[in-house]
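Participant: Residues per chain are reported as follows:
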Amino acid sequence: MRLKHVLLAGVCAVGLSGIAEAKTLKMAYDADPVSLDIHEQLSGGTLQLSHMVCDPLVRWASDLSFEPRLAESWERVNETTVQFNLRSGVKFHSGNTMTADDVVWTFNRLKGSPDFKGIFEPFKAMNKVGDNSVEIVTDGPFPLVMHNATYIFPLDSKFYEGKDEIIKHGDSFASKNISCTGPYTIASREQGVKVEFARNADYWDSNSPGNVEKIVFTPIKESPTRVAALLSGDVDFIAPVPPTDLGRISDDPKTDLITKSGTRIITLQLNQQRVEAFKDPKVRLAIVHAINNEAIVEKIMRGFGTAAAQMSPKGYLGYNDSLKPRFDLDKAKALMAEAGHADGLSVTMMCPNNRYVNDAKICEAASAMLSKINIKVDLTTMPKAQYWPKFDERAADIMMIGWHSDTEDSANFYEFLAMTPNADTGRGQYNSGNYSNADVDAMTEKTLKMTDDVERAKVLQGIEKILYDEAAYVPLHWQDLAWAARKGVNIDAVVNVMNFPYLGDLVIE
Amino acid sequence: MKAPDLAAFLFRRLLQAALVMFVISLVGFSIQDNLGDPLRELVGQSVSEAERDALRDQMGLNDPFLIQYGRFITRAVQGDLGTSYFFKKPALEVILDKFPATFELVLVATCIIIGFSVPLGVYTAIHRDSLITKIIMGFSIIGISVPVFLTAIFAIYIFSVLLGWMPSFGRGDTYALPWGWESGLLTLDGLEHIVLPSIALSSIMLPLFIRLIRAEMMEVLQTEYVKYARAKGLRTRRVRYVHALKNTLIPVVSLGGVKIGTLIAYTILTETVFQWPGMGFLFLEAVNRVDTPLIIAYIIIVGLIFVISNTLVDLIYTWINPTIKFVGGDR
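Line by line, the protein sequences are chains D and U. Note that my numbering numbers the first sequence so that position 352 is 352, with each residue one more than the last. Note that my numbering numbers the second sequence so that position 90 is 90, with each residue one more than the last.
Simulated from the structure, these hints should not be mistaken for laboratory data. Every residue gets a Cβ at the ideal spot worked out from N, C-alpha and C, and that includes glycine. Some clues are possibly wrong.
30 Å max Cα-Cα, derived DSSO-like pairs, lysine-lysine [said to hold, decoys possible]:
(1) U:K227 <-> D:K384
(2) D:K221 <-> U:K89
(3) U:K227 <-> D:K221
(4) D:K163 <-> U:K232
(5) D:K26 <-> U:K232
(6) U:K227 <-> D:K117
(7) D:K158 <-> U:K227
(8) U:K227 <-> D:K26
(9) U:K232 <-> D:K194
(10) D:K117 <-> U:K259
(11) D:K194 <-> U:K134
(12) U:K246 <-> D:K158
(13) U:K88 <-> D:K111
(14) U:K246 <-> D:K176
(15) U:K246 <-> D:K163
(16) U:K88 <-> D:K214
(17) D:K384 <-> U:K88
(18) D:K111 <-> U:K259
(19) U:K259 <-> D:K390
(20) D:K214 <-> U:K89
Sample of chain U residues facing chain D (criterion: CB under 7 Å; computed from the structure) [what the hints assert, rightly or not]:
(21) R40
(22) V43
(23) E51
(24) M59
(25) N62
(26) F87
(27) S168
(28) T174
(29) V273
Just the calculated beta-carbon pair ranges, DEER-fashion [unchecked claim]:
(30) U:Y317 <-> D:A22: 27 to 37 Å
(31) D:N496 <-> U:N62: 34 to 44 Å
(32) D:I167 <-> U:L66: 20 to 30 Å
(33) U:S30 <-> D:V77: 34 to 44 Å
(34) D:A395 <-> U:Y317: 31 to 41 Å
(35) D:K361 <-> U:A265: 23 to 33 Å
(36) D:G303 <-> U:L162: 21 to 31 Å
(37) U:L66 <-> D:D439: 18 to 28 Å
(38) U:V23 <-> D:K91: 39 to 49 Å
(39) D:K361 <-> U:S30: 42 to 52 Å
(40) U:F99 <-> D:N177: 50 to 60 Å
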């Protein structure tokens, strides 16, 4: 131990004995939030920040149900209207009291944000119904009102008055200042280096068990350094944890490792426009049968994932229990022969090399597996910055895409990855395979208007089945999530599959 | 050297620098289309292509190359290198904010390199076959062969994780000097934090310099004038450390100055591994985020640093070696 730390510990022990301890959490993620404007970019980083500095109307509980936050209760008034009753007496960091006006103002700002307007598009309006309630009106029946309400983090409309512009690539008041209702305020921020959070003394949620007074957030880009910082005690909590270090962290008596099965699906898409053979479902089925995704999870991901046969992860309405991974080399060969491609094919493949966990290695493995059925793959991997423009161009016959549903609902997967690409509606925007099935299109549109969960689940699962039977794409796995912390920092209780830990409720022993 | 000589030399250098900067900006600007699409990093996954294109239009990214470059160069000559997408501040300001961290790291690494390479180089040249020499030369081979980032990761693992002597990342506490320079060299915590990064950064250049000084020194010790000095009865000590060493250092300075400049390139790796908040780390992040204004500003600033350091080397060179005149100077 460093001398200075010994001295410090001594001083603290003397100085603090008898006083209730103010806990400090030192944490490191791979990147810090891009902006303090929580409406500027729809990303994991923004949502993580939102849950520290703000509160949503409702939030996800660990069983994927909805937990009341700033909305105390809600009720469906009719097919197109849901009313939310707001908690009263909640103060913003500025000292202003939250009212229905703030919530309506926040909603309208979200509708104007380039990143969030897509999610809020089905919502026609939010109306104030008295000082402490609002109602959301949708265009037609819409099943995801509650899902989307998790994105409404009421902001202090008076604080932003006249300075509320959302600017994506330049300076704005909102990108440097924030007034919200959450458990922490921003004490200081040096972008890319450090953010310090201080506990909000007037926090409305007096039932929160959280005892962290101060958070020092440092981005540490390099995974080995991030892990070293935890193991050496320089930080208390890190995420993400690279698969190579999972063993070391769980074996270390001083640290805890928490993993959860994630909701991000990793897939390969087979471009039917570029390769005539991919139009034949038999060839696509052969490819799915040739790729041993369970082996990829075991060997390359080191168990840090769940082999998939569909897009919806377990827990989602669309998850179809009957669909299983189906590696079978003989069958794959037979299918290739049946399709008249026994002597094989020659195709190109492109993958990112710094976007998903082990992305480039997964693609190398997949191309090796495809060579077993005589499909010769010319693989190119590149950093994500170069990959996305290539993806937009549909520059290769097989391309990798991972997807996390912004709404935590199955339909989002089909909307973006499986529906027929249509530039006007934006459907199928990430369907680089150009797979097209009128049934899938119609069923997906239908599920966006159904409000009965039981019936809706049937349709969603039906879509998964069609995609599976037709081998619309190659499902690989759902990437796991991992967090690691020093023992005594009870992150287990606050982390979730959406990967925005509720740090306001964190308890440090 | 006469004052007019110096003025003419500096003027010529200034013209050269301007030309170099111009070429760099042109090259930097023309590769930006291959760096990726900045919009991808600015917006979320489900934003529509039409929406992205509208933003691209608004940012002027859809304009023809010459118009974009013309706009850039007009602003650049007025000292405005563009605004970083990520930091939302002028790119120049962002880079200058990070400059002290990188400068101090390079400074300490340079001190380590000079402080160790001269005595070790001289020692190994004089005691050619001693055991210590063999050990030093052995280590220098390892130092040259192992990449900086690997050295850095090993250093963190051994000294931070296993032994717990050193902090694993970052710059620690800094002390604000009056002219806005945040110095990590003036606090105990800051000094603790700079040890591992500076050693890692010097790990390639130090062995190189030891070998260079050794080779030069051995050559000088064989020359006629050294033999003559000995024969004349001068003390060995004086011959070695005054006459021989002085002549050894002339080529070392000229090569060394240029090599110290390339240390800046190595800071990219070192700073990334140690999460050191300097320019190198900033640059790598900017590349990942396709923050093109910041990338181009960095390339220009580093180009400028190279020009300045090479100019200084030339000046020092003429100063320690009076037989050399400025090339093409007034004779």
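Participant: Flag every earlier hint the structure violates by its number, smallest first.
Facilitator: 1, 3, 4, 5, 6, 7, 8, 9, 10, 11, 12, 14, 15, 18, 19, 25, 28, 30, 33, 34, 37, 38, 39 and 40
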